[in-house]
Every structure is written in structure tokens, then in C-alpha cells.
Amino acid sequence: MAKSVEINVHHITRLEGHGNIKVRTKDGVIEECQLDIVESPRFFEAMIEGRSWKEVRHITTRICGICAVGHGLTSVQATENAFGIKYSKQTDLLKRLICHGEQIQSHVLHTYFLAAPDFVNAPSVVPLVQTHPDVVMRALRLKKFGNAIADVICGRKVHPIGMGPGEFTYTPTPNELRDLRKKFDEYEPDITATVDLFASLSFPKFDRQTEYVSLKDDKEYPWLYGQVFSSDAGAVEKNDYKKIVHEKVVDHSTAKHASNKRSSYMVGALARLNNNFNLLRPEAKAAAGKLGVSAPCHNPFMITAAQVIETAHCFYDARDVVDQLLAIGPKPEDPLTITPKASRGVGVTEVPRGILFHDYTYDKDGLITEGNLVIPTNQNLANIEDDMRALVPQIIDQPKDKITLMLEMLVRAYDPCISCAVHLLNVEFI
Amino acid sequence: MSKPKIAVFSLTSCEGCSLQILNCEDELPDILNHVEIVNFREAVSNRSDDYLIAFVDGAVSTPSDVEEIKEIRSHAAILVAIGACACTGGLNVMKNFKGLDYCLKRVYGDKANVFKTIDAQPIDAVVKVDLKIHGCPMPKSEFLEVVRAVLVGRKPRIPNYPVCVECKQRGNVCLWLKKKTCLGVVARAGCEAICPSYLSGCVACRGLIDEPNDNACKEIMAEFGLTMEQILKEFQLYNGFYPVAKESK
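These protein sequence lines are chains Z and R, in that order. Numbered per our numbering, the first sequence spans residues 1 to 430. Numbered per our numbering, the second sequence spans residues 1001 to 1249.
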């Protein structure tokens, strides 16, 4: 049926930052189909110029409140690579642990608080406090648990403090780690219940194959290490990321778009999962079985399911890391002597919403002369729009509020973090 | 009696301070027993212009931020600025020192003139602010203190003494003795000196105390070998909107 419909969602709710959905079809033909990004400009790349290597990690964590740990880890990795800083096994384990803590915290926030209400026709998690108190309390427990990991290592989750290039300025005590270890036993049933809950929901059916970009490592499900991998183009070293990541400016978005072989590509939990499914832990593979997810999965609504699977993966992997830390007996380490030099360093990690790049050029005194930051949400924007263009014709005969809800659910599934994405630009819309 | 209606808004920020509200996991159910959230884009889909208290994070840095904060002010009986961006302009003010033209050109090249931005400024440079919860991010404890105080109609307890006091209470060794730059001597406490406790110098993200001896602070910094340019850069991180980051007295 040829139908004309116009949808304008101003400031989509339950996501981080300011975005608008605009769709207009006439006689069944799409005339406009956009995700407008109207976030204010941040200009971090300009602001870090002239700043010291000692400060840059503190400044760049402020790009995002939700993935501040990920920005911190990526920033210190860039500086480590620039100055050739090596670090200890203990530091490696602490990095892995805090990284997992953030994935758990962020994935729980998104799956339970931002995405789940749509599945029960609720405007937010607030009414669920009355109707599903056990679910809400479980979500709060797990989110707090993810935050608690960061608290133990870096003092706090939002804008972590004790993380420096090659070292942590604070070492958790064995008692702190033992207390944390006990919480894994306490919360394990919550992880199982989370998987069961999301396995019971019916995710919208929609398939569109795209290019999937993430880190890839032959030994482990990748978070901090490995190569930059595209499902279309294969792997490149971290320093050569620009062979895959091609950023461009579009008129209707304050955040840059990115593409590689196709008009768009996807990053995030589903891209990671598609590129690294066999490296998931057994507990996470079991969760994938319950959720009916196997790789490759081309349904973007299943990003939420992929986050649930990763939550299980990170939970059990973090538990192993705590055991390893307890086995080596964590001790405060002597501060590193770091000598800056004129150099370039690229940091690439997987943060909750996808692959993140920090690329710094330093002068001989360790002051930044040029910085390039490529954010997961930017990389997903073009892909979201391509999904919208493919989805709209399939649902155009449904009532307008249903179409709107489906489009909002689609955008929300990507868990966009628009403050992050708009570290650059702003457009005024009339 | 109906519950007081509250709203949460974000201007130019990382939304980390809004997230700090959601991070009050233990207290959230209880807070929801006492207030009704009518606007909180990051967390809920409800929207309304009918609210008593507005919590706003973020600096004012675009023409639309100016319009939005004026609109919020017109509805809210009590406007609470949350976090460094809202209270002092925060890190955003660093761009002012680079110059707007440079920033736009740096990130946007030949399309620079398409985009609009203004100097970043704290909310109270545009509208009256009733309360400030400083910090990057705001401490959860102070958010809870302000919520309690506002609900019972008393003045919240917000420290007006320097971070050094809290640092001493924690028994920390002074970071200056470890050759690390620290603004704790003039910075507003209330963070439990968390950064110095993790061996990271205070950057005064909670602004300065009401009558700071910033000249003495700068003299100490100079004694430790910092140039005036380096000293001002320290203050420009979070207090760039104020004379302390601009003048060498």
C-alpha cells in the first residue's frame, strides 16, 4: 500500500545525548530518513592541543560520563604506545578488570533501563519499580556491582582517577579483592536471571547485513588488544586504523559519520560478537544459546541481546581476573619514570558501544600537537540510517505510533552515546 | 499530598552528572517515593513543563543552550546547577582560550562557517541559579544532601573550605612534596580529596572557595618552578571563566 507518513521525534529519550528522528514518505516512497544529531559541540581535539601527556587522560575521560573508563584506558594506551611504556602483569590484570566492570555497568544500564521498558510498553523503568520490583532491584544491584569494580581500582566510575600510562596509582588490597570476589558469588544468580529475562522477550524481526568492525584477536575475545578487523576487509594493525575508518562530515549531524567498503558499517556488541563469536567464554556461549543468537547475526535489534551475552562473558572473565590477582598477591608498584619524546601513539580499545580510537601526536616535551578521536557512536550513525531506510518500507503499513516506536527502538538498540560522538561539531536546524 | 515534581536536563556536557543520579543505586527507589520525575531524557520518556525543581548539567555553549536554560528557568521554582560544566563552565571553557574560529576550523575545515558556537559559560552567567552542586562529576553524597535539604526546606551543607582540609583528614602526604601540581589549597572541598588520595593533583573541579588566597597559591606554584603560563593553564582546566585563570597579579 502506498502511504504517506511524516515522523518527527524531537530529542529521542532514554539515550545519552540529543538526537532527533526524521522520516517522511510520500506515496510509499521515502523522501527523508535521518537521524539528526543536535548535540552541542565539545571541541575536545582542539582543547587537548598543547596539553601535557600527564593531563590528557583526565581531560578525555570527560568526553563521556558513561564510558569514562574506556576513554581512560584508550588514552593511556595511546600514550604508552607513543613513549614505548611497558607495564606489569598486575597492571594488565587491573586494566582488564576495570574494563569488564565498565562493560557490565554500561550494558546493564542500557539493557534494563533504556531498552527493556519498550518491551513492556512502559515509558521508563520508573513504573516497573511498582510492577516488577524484583527486576528493577536486580538491575540496580548489577549496575552497582559494575561500578563497584571501578570504585575499588580507580576511586570512582564516572571519571576514574588512578589510571595512568603503564600504571595504576592505587593498588587494591587483598582484602578489597576478597570482598569483591565474594560479590561474584552473590551476583551470579542475577546474571543467570538476566539472561533468562531477555531470552523471554521477543525481539523485533529485521535483517540487514552490513560490514562489522571491531578488534579481533586470535587468543581471546578482544577488549584491549588485537588488530582492527572488518568483516569485509580483514585486519590491519592499530596504527593503520585509517585504512578502515573513513570519517566524513554530513550536513544533518553534528557528529561525523564513518564508512569503509559499504555506505556504512556497524561497531559495538553485535559487531564484536559477529567477528569473535568462537572466543566467547562457555558461559556466554550458553547465554547466546538461550537468547537464540549465533554468528553472524544481521538483526540490529539483537545488539541488546549481544550486550546481555557480553555481560555474562565479562562477569565470568572478571571473576577469573580477580582470582589471578589474588594468586599473584597485588602489591603497590614503584612509580614508573616516564620520559616523553616526539612521537605518535594510537590507542584502540573496545568500549561498551564499540571500537574507540585515540590518536595523539606529541612534541619532545610531551605536549600534544595533534589529536584525533574516533568514537563508536559516530561510526554507527550512517549504519543506523541505512537500517532505518531498510526498515521503514517493511513497517510502513502499521499505525504511525507503532512505526515511531519501532524506529526509536532501533536507534536505542545501538545504545548511542551522543555526547561522545559530538566531540566536534554542531549544526543549527531550522 | 502530591509529590514534588523534578526535572533533569543536560546542556553541553558528558551527561556524567545526570548519570551520577542513576548511580545512586541504593537511594533511587527511596528518592522515587518522595519525588516524581517528569523530565529526564537520559532515563525516562515522560516529558512535561510542570516541575518544581530542575537539575541541570552542562555548560551554556550554543545559542540553543541559551534559549533552553531561559525556558527551564521560567518553569522551575528552584534551579540547581549540577557538576562543573553547569557551575563554572567546566572543561568546556578551554575552547574559549583557543578561539572559536580556530576550534571550528580545526575540526571543520572549509565548512567552519556553517556551524554555530559561542564562548562556553556557566549557567549563572545567563540565568539565576539557586543552588550549585560542584564537581566533575558532582559527588553523589552532595546530590543526596541537596535533595534532602530542598525537600525539607533547609539550606544544604556545602563546604566552603579548601580540599587541603579533607586531604589532611585522610592523612595524605602533600602532593607538592612529591613534585606534583595540586590546587587543593584554594579549591572547594566536598570531594573527600579523592584525586589527591589517588595521587592525582587537585584541579579545582569544584571551583574555588569563596575567598581564596589565589595569589599565595600562585606564589607557591612559582616557588616549585612553574612558569606563569603553566600556572594559568592549571586554572584554565576548570576555572577558565574566572579572572584567576587569566591574570597574573
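Note that these hints are calculated values from the structure, not bench results. Using N, Cα and C, we set each Cβ at its ideal position, and we do this for glycine too. Any given hint could turn out to be false.
Unchecked claim - Which stretches of chain Z does chain R cover? Using the computed rule of at least three CB atoms under 8 Å from a CB of chain R, they are: (1) 176-182; (2) 347-360.
Unchecked claim - Among the chain Z residues that face chain R by a calculated CB cut under 7 Å, a handful are: (3) Glu-16; (4) Pro-41; (5) Phe-43; (6) Arg-62; (7) Arg-138; (8) Lys-144; (9) Thr-169; (10) Ile-403; (11) Met-406.
As the list claims (entries may be wrong) - Below, computed lysine-lysine pairings styled on DSSO-like, alpha-carbon distance capped at 30 Å: (12) Z:Lys-89 - R:Lys-1098; (13) R:Lys-1005 - Z:Lys-144; (14) R:Lys-1098 - Z:Lys-341; (15) R:Lys-1140 - Z:Lys-364; (16) R:Lys-1005 - Z:Lys-248; (17) Z:Lys-364 - Z:Lys-219; (18) Z:Lys-216 - Z:Lys-290; (19) R:Lys-1005 - Z:Lys-364; (20) Z:Lys-144 - R:Lys-1140.
Results of checking the hints against the structure:
Only when three residues or more bring their CB closer than 8 Å to a CB of chain R does the claim for the stretch 176-182 of chain Z stand; here the count is 0, and the claim is violated. With a threshold of 8 Å between beta carbons, the proposed coverage of the stretch 347-360 of chain Z by chain R is violated, since 0 of its residues qualify and at least three are required. Taking 7 Å as the C-beta cut-off, the interface hint given for Z:Glu-16 holds, the closest approach to chain R being about 6 Å. With a least beta-carbon distance of about 5 Å to chain R, the hint placing Z:Pro-41 at the interface is held under the 7 Å criterion.
For Z:Phe-43, the interface hint holds, the least distance from its beta-carbon to any beta-carbon of chain R being 4 Å, beneath 7 Å. Checking Z:Arg-62 against chain R: minimum C-beta separation of about 5 Å stays under 7 Å; hint holds. Violation of the interface hint for Z:Arg-138 is found here, the shortest Cβ-Cβ separation to chain R being roughly 11 Å, above the 7 Å cut-off. The interface hint given for Z:Lys-144 holds, since its Cβ lies 4 Å from the closest Cβ of chain R, which is under the 7 Å cut-off.
Below 7 Å, beta-carbon pairs count as interface contacts, and Z:Thr-169 has one with chain R at about 4 Å; its hint therefore holds. Interface restraint check for Z:Ile-403: the shortest CB-CB distance to chain R comes to about 16 Å, outside 7 Å, so the restraint is violated. The interface hint given for Z:Met-406 is broken, as the beta carbon of that residue sits about 15 Å from the closest beta carbon of chain R, more than 7 Å. Pair hint Z:Lys-89 plus R:Lys-1098 does not hold up; C-alpha atoms about 40 Å apart against a cutoff of 30 Å.
Between R:Lys-1005 and Z:Lys-144 the alpha-carbon distance is near 26 Å, which keeps this suggested pair within the 30 Å criterion. The hinted pair formed by R:Lys-1098 and Z:Lys-341 meets the criterion: a straight-line CA distance of about 24 Å does not exceed 30 Å. A distance of roughly 40 Å separates the Cα atoms of R:Lys-1140 and Z:Lys-364; the hinted pair therefore is violated under the 30 Å criterion. Distance restraint check for R:Lys-1005 and Z:Lys-248: the Cα-Cα separation of roughly 42 Å exceeds the 30 Å cut-off, and the hinted pair is therefore not satisfied.
Distance restraint check for Z:Lys-364 and Z:Lys-219: the Cα-Cα separation of roughly 36 Å exceeds the 30 Å cut-off, and the hinted pair is therefore not satisfied. Between Z:Lys-216 and Z:Lys-290, the direct Cα distance comes to roughly 25 Å. Compliance with the 30 Å bound is thereby established for this hinted pair. The straight-line distance between the Cα atoms of R:Lys-1005 and Z:Lys-364 is roughly 55 Å, outside the 30 Å bound, and the hint therefore fails. Among the hinted pairs, Z:Lys-144 with R:Lys-1140 is consistent with the structure: their alpha-carbon atoms are about 13 Å apart, no more than 30 Å.
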